[in-house]
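For reference, the chains in residue letters:
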Amino acid sequence: MGRFNQSNGKNREFRVAVVAAGVISPLGCGLNSTLGALKANQDCISSVNRFDVAKCRSKTAGQVPGEWLKPQKNSRKATRLHRASRMMIAALRELRDQDSSFQPELSVIGTTSGGMSFGENYYRALHRHRTLRLSPGWLANYPPQKPVIDAQEALGISAPCQIIANACASGTNAIGHAFECVRSGKFQRVLTGGYDAISELVFVGFDSLQASTPEKCRPFDRDRSGMVLGEGAAVFALENLESARARGARILAEIIGYGISTDNHHLTQPDPSGSGPRRAMEDALKSARLNADKVDYINAHGTATVFNDAAEGKAIAELFGKIPVSSTKSMIGHSLGAAGAIEAVICLLALQSQILPPNINFRSPDKDLDLNIVANESRDAKIDIVLSNSFGFGGTNASILIQKSAA
Amino acid sequence: MNLRIAGTGWVTPLGRGVDTVWNRLLKSDEAAEQQISDPVSDKKYFAYRVPDDALRDLPPHPRLRRASAISRFAAAAGLDALAEARSTIGQIDPERMALVLAVSNGGVIYTKRFYHDIVASGAQSASPLLFPETVFNAPASHLAAILGITGASYTIVGDGAVGVLAIKMASDLMENKSLDACLIIGAEEADWILCDAYHKWRLIKKNPPVELFRDPPRGTILSEGAGAVVIAHDGEIKIDAINAGGNFSRRHDASAIIQGVLHELADKQTCLIGSANGTFVDLAERAAIKTELPNSTVYSPKPALGESVGASALWQVITGAQALRTKCLPPVLYSMPRDNLRFASGGETSATKAIISACGLNQQAAGLRLSI
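Protein sequence lines correspond, in order, to chains A and B.
Quick note on numbering: the first sequence equals residues 1 to 407 in the numbering used here.
Quick note on numbering: the second sequence equals residues 1 to 372 in the numbering used here.
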């Protein structure tokens with residue numbers, strides 16, 4: 001996938017610019033505070049305070065502070081919104097502040113759980129035979145498309161929404177599909193990104209699989225013991241580069257390649273050979289018509305589970321050799337459907353600021369993984385092209401390539 | 001856009017198989033309601049369920065051993081659609097095929113069971129076997145494994161319009177020359193908790209039938225199943241145009257979105273396969289049809305099959321394709337005659353184009369046009 005055949009001259013490819021972006025994650029609300037936290041190697045993991053985790057092995061997560069999500073308007077509708085909607089509104093507001101004239105023809109957004117915690121409220125109330133007076137509000141704000149529609153409505157956008165739910169790869173799949181929509185020439189402008197808010201069901205789910213850790217999140221470390229959950233939202237305004245230049249838009253970066261693969265090994269575990277991630281990365285390179293040695297940094301999926309990091313690390317080492325690699329999930333946790341979008345923002349900031357984001361909590365290299373980890377501290381580097389990986393349950397693998405703006 | 005329907009698969013409360021379901025619709029059959037209950041409440045609801053024998057000959061596969069009903073429905077419909085596509089366009093290399101799965105509520109039965117264990121017994125009781133099946137893309141993952149699809153697989157989530165958005169996504173994917181075909185499936189499973197939730201929204205009625213275009217509307221009956229369509233560059237039915245529509249903030253804004261969709265898709269000699277389901281959708285759709293397509297013959301399969309949410313738009317597409325192929329339209333069941341819309345009364349149709357109008361219950365509306 002990701003390849004458009006130009007040989008017959010029929011399919012012209014268009015360059016795809018990032019003209020605006022917005023983000024909210026445990027690292028910060030906005031691009032500037034996110035960059036500051038990246039440079040400060042901040043560990044944003046804290047004790048879970050949104051629900052009871054006493055009976056879980058893992059008790060921590062990367063959480064967006066509630067005070068960042070207070071509605072600007074104190075209307076009844078605004079106060080009823082799910083925190084996922086509020087995160088999407090915060091991210092989209094930042095994007096609109098950068099480019100108020102950006103009007104997408106389509107929105108492609110990734111998520112895994114929508115307004116899940118409202119569904120939990122409803123079921124708990126049912127189970128305990130408590131009042132269901134609030135249930136219409138919970139249910140109305142539960143569907144995965146709702147936070148996207150809410151955010152669009154709040155910011156004056158009315159594009160149709162395609163909501164991709166490809167588990168943890170959703171955010172990168174969304175950006176990748178949006179990229180292909182613009183590159184093919186079918187669309188001039190597409191809004192894309194991902195969101196997810198932490199919920200009890202998902203937290204307990206990963207805990208039940210023993211995929212999450214009671215320790216620190218240590219991607220690619222010899223002693224890694226699992227993931228830590230996170231949450232957040234990030235959005236990108238993608239536009240045909242010529243169109244963006246013609247209207248004088250600021251070009252932040254270009255998306256230049258996308259690869260997607262499906263690994264049929266198991267519903268929740270990757271093929272240990274790393275073939276799924278490898279195919280996604282190879283396809284992203286082919287899509288960009290790029291050799292692996294042109295890539296300067298990889299923001300890995302790097303969940304810190306034994307199996308993911310082994311498969312991904314093997315594929316990276318085979319394809320890219322000693323390229324600098326980090327998993328910023330060590331700082332903010334795994335925000336599932338938002339992860340790919342937040343990590344794409346981190347890549348964008350890395351390109352703009354010429355830094356390599358850190359893989360914190362790294363103590364001991366894994367002798368089976370021949371990787372060049374950006375251990376514990378961000379560092380300056382000359383980087384032009386970066387690759388961001390996301391892999392998910394169901395065997396979905398996605399990789400995107402982002403290039404520094406020439407301007 | 002040169003996209004054609006090369007194969008279809010249909011798993012519904014009226015049975016499995018396009019010919020089986022179609023013939024029953026033509027005979028004015030309607031699904032038999034089943035009462036469903038749950039220990040969590042005394043309330044009971046009616047839903048239309050897929051009959052047990054519909055999946056009897058689904059080939060065994062390790063991935064389906066513990067899979068939820070939605071995955072089995074999707075697999076059955078998908079395999080049927082591919083079997084028909086192979087007879088139409090020959091073998092399809094799974095590495096040159098993409099998969100797009102449309103759902104609304106997803107694996108709700110396992111999700112409820114998983115969360116029930118947490119609420120009733122604590123987090124330590126949660127089953128690691130159930131959790132992976134609660135993920136929206138579990139059915140797509142199982143189907144990809146069964147079919148050997150190793151490239152693009154997408155699950156997209158939305159309301160009753162999500163099937164059209166899935167076909168739109170597939171049409172965008174088909175721009176890629178590395179693909180020969182795309183399998184699109186809409187799937188849904190019914191459960192008491194969904195009935196209760198939609199009842200709280202005042203969208204469900206207590207008892208069948210689903211009565212169309214009543215003012216005020218009385219509500220719908222939920223159903224389950226799957227619809228699958230293989231799109232390729234060959235096939236009898238052409239997908240002429242797809243309109244991804246838009247979102248409505250309030251229910252009374254739905255009509256304007258549908259009207260915009262129909263305005264763009266309007267053509268001569270069309271029949272309209274609507275999403276009217278006994279809710280506010282009927283009145284929104286009626287107003288838009290009266291303005292944009294007053295002379296079209298209108299049919300909605302929902303009184304016969306129920307509201308299958310994530311599967312419903314794919315069911316409408318299959319209905320439209322069958323109407324064009326067979327030159328027949330089933331009669332609309334339980335519609336209000338005073339509406340001065342031209343309802344299908346059963347029998348032949350001269351339509352050479354079918355417009356699918358898909359308005360969902362949660363703020364999305366879209367449409368597409370088929371031709372023969």
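Careful, some of the hints might be misleading.
No farther apart than 30 Å at their CA atoms in a straight line, the calculated lysine-lysine pairs in the DSS-like style are these [what the hints assert, rightly or not]: (1) Lys205(B) <-> Lys77(A); (2) Lys177(B) <-> Lys286(A); (3) Lys205(B) <-> Lys55(A); (4) Lys177(B) <-> Lys404(A); (5) Lys238(B) <-> Lys186(A); (6) Lys112(B) <-> Lys238(B); (7) Lys77(A) <-> Lys238(B); (8) Lys268(B) <-> Lys186(A).
Read the hints as simulated data drawn from the structure, not as lab findings.
Right, here's what the structure says about each hint:
no.	hint	verdict
1	Lys205(B) <-> Lys77(A)	holds, 27 Å
2	Lys177(B) <-> Lys286(A)	holds, 14 Å
3	Lys205(B) <-> Lys55(A)	violated, 40 Å
4	Lys177(B) <-> Lys404(A)	holds, 28 Å
5	Lys238(B) <-> Lys186(A)	holds, 19 Å
6	Lys112(B) <-> Lys238(B)	violated, 40 Å
7	Lys77(A) <-> Lys238(B)	violated, 43 Å
8	Lys268(B) <-> Lys186(A)	holds, 26 Å
The structure is inconsistent with the numbered hints 3, 6 and 7, although it conforms to all the rest.
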